Amino acid sequence: MTGNRRKKAEKTMKSLFFIIATASVAVLGMIMIFLFMEGLPIFKEVSVKNFLFGKYWYPTSDPPDFGIFPLIIASISVTGVSAVMAIPLGVMTAVYLAELASKRVAEIVKPMVELLAALPSVVIGFFGMVVVAPFLQDIFDMPTGLNLFNASLMLAFMSIPTICSISEDAIYSVPNALREGSLALGATQWETIIRVVLPASISGISTAVILGMSRAIGETMVVLMVAGGAAMIPGSIFDPVRPMPASIAAEMAEAPFRGEHYYALFATGIVLFLFTLFFNVIADFISNRYRQVGEASL
Amino acid sequence: MSDNNIKMASEHLDFYYGDFKALHDVSLQFRKKQVTALIGPSGCGKSTYLRCLNRMNDLIPISRVEGKILLEGEDIYNTSWDVVSLRRRVGMVFQKPNPFPKTIFENVAYGLRVNGIRDKSEIEKRVTESIQQAALWDEVKDRLQESALGLSGGQQQRLCIARALAVEPEVVLMDEPASALDPIATQKIEELIHELKQQYTIIIVTHSMQQAARVSDKTAFFYIGKLIEVGDTDTLFTRPRLKQTEDYITGRFG
Chain A
67 MTGNRRKKAE KTMKSLFFII ATASVAVLGM IMIFLFMEGL PIFKEVSVKN
117 FLFGKYWYPT SDPPDFGIFP LIIASISVTG VSAVMAIPLG VMTAVYLAEL
167 ASKRVAEIVK PMVELLAALP SVVIGFFGMV VVAPFLQDIF DMPTGLNLFN
217 ASLMLAFMSI PTICSISEDA IYSVPNALRE GSLALGATQW ETIIRVVLPA
267 SISGISTAVI LGMSRAIGET MVVLMVAGGA AMIPGSIFDP VRPMPASIAA
317 EMAEAPFRGE HYYALFATGI VLFLFTLFFN VIADFISNRY RQVGEASL
Chain B
-18 MSDNNIKMAS EHLDFYYGDF KALHDVSLQF RKKQVTALIG PSGCGKSTYL
32 RCLNRMNDLI PISRVEGKIL LEGEDIYNTS WDVVSLRRRV GMVFQKPNPF
82 PKTIFENVAY GLRVNGIRDK SEIEKRVTES IQQAALWDEV KDRLQESALG
132 LSGGQQQRLC IARALAVEPE VVLMDEPASA LDPIATQKIE ELIHELKQQY
182 TIIIVTHSMQ QAARVSDKTA FFYIGKLIEV GDTDTLFTRP RLKQTEDYIT
232 GRFG
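Keeping their order, the protein sequence lines are chains A and B. For the first sequence, my numbering assigns the number 67 to the initial residue and increments by one for each residue that follows. For the second sequence, my numbering assigns the number -18 to the initial residue and increments by one for each residue that follows.
Just chain A, same shape as in the assembly (with noise of 0.2 Å):
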């Protein structure tokens, strides 16, 4: 009797969490069904080449002008700017943490780089509006202290604690007989970190780079504030830009429902959905084809 009861219960919460974590996809699957409905629309105005390489973007004009090529670029050359100052910053403080810093010192280290991932995006874009910008200005003699620098250098304070706290996990975890294996050899620290250490850790850096990238290429509100919000091809870093977020954020609300701008601000939300996609795809097929089998597997 009590077997029996205890059976049915048991399979009651089996199928209460399979029903819970049913409608959480199920909620994702049918925003993806919506961003998909609200911006496939557009390319019965434009075609999808016009829409992707058109250099303008002047939606409210007559005749409007739906080409999103300049805020890709400037999505892309803002995240390119930022993984050039955030993966060594990020890749080097894990390196330290892991294998240099005594114990201490990692101790109080780590949390620290952790919070500055607790930081909201609009406390880091307000510092880049207020500190930042007119530094910038002031320093270069330029005309506007927020572009694609600015912008740029705020998404690699947001990408470091990603990049770095993923990375230290996977060099934690290179196993100690590797480093042990490499030192008994006569290698130095140094160079049992940069040959045996760093390599067999590199997928696991790999992810951490490309996750760290892709929050910087979906981040809206840091590029909204700081990035300047020009709608062109950028000439030199020092130019103002209008990533794929920032213009989606700023144009929504004033977008007529259903009408030709919305549909295309939605299209490039899918745009900017394919890129996360693609670099999340990318992270997870480079964690399983590098894993590597037995003692040094991540």
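Because the hints were derived from the structure by calculation, they are not lab data. Bear in mind that the values here come from a model prediction, so they are computed numbers and not experimental data. Do not rely on the hints blindly, as some may be mistaken.
[As the list claims (entries may be wrong)] List time: in silico DSS-like cross-link candidates among lysine-lysine, alpha-carbon distance up to 30 Å:
id : chain 1 : residue 1 : chain 2 : residue 2
1  : B       : K14       : A       : K169
2  : B       : K49       : B       : K14
3  : B       : K2        : A       : K169
4  : B       : K178      : B       : K13
5  : B       : K207      : B       : K13
Knowing the structure of chain A, use the given hints to seat chain B on it.
What follows is chain B alone, placed relative to chain A:
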């Protein structure tokens, strides 16, 4: 050292992990081109002792050494000693095979590269020789550019031996090199040790008394951090001087 045949020796060696004294006053000598086996139950300090000989224990921050370890008469714990060159002269093979996630060739070439050898043909020659010496050549000669992680456990361990030999050490330390291997792979490693003794001074930690009896010239018995008895392997296994040793080798404890 007055005796020229002594390659390595420890004098009154004490070792501490923090407050815990893991080795008590161990004095032991290792002759050139001999195999010395260190035996004893788990936790007796034999591995700790082995790892003092190439200063691998330096990696443990709270550890401390007192006494001396001499390599050709020079104290390796002397502050002027360069750990990196010590480890080049005193190589090590670990309990579990630990090949690097690199190709078979690069695993062996690694030690040469970090020791500053740049010449390609020299590297190639020494990699080939070392793999041959480790009796692995026939099995891997066609797949040197494949990952070492695809080898079997026994092959990996011989690769690790080849890797240690490539830098031409004078002493080879082996920490239970066959404990993770099957009997056939174990036999290969033992045959190999027999070969290597022509050229190297070998110190091997083992849990298997049969293995100690088969491969070594001298055997040292450790128990709870102390060196209990040391002698010629034949004598120690047939006529141990102390009761403790006898109990251990006849399997009454440990």
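Hints, verified against the model:
no. : hint                : verdict
1   : K14(B) with K169(A) : 42 Å, violated
2   : K49(B) with K14(B)  : 22 Å, holds
3   : K2(B) with K169(A)  : 23 Å, holds
4   : K178(B) with K13(B) : 9 Å, holds
5   : K207(B) with K13(B) : 24 Å, holds
Checked against the numbered hints listed earlier, the structure breaks hint 1 alone; every other hint is satisfied.
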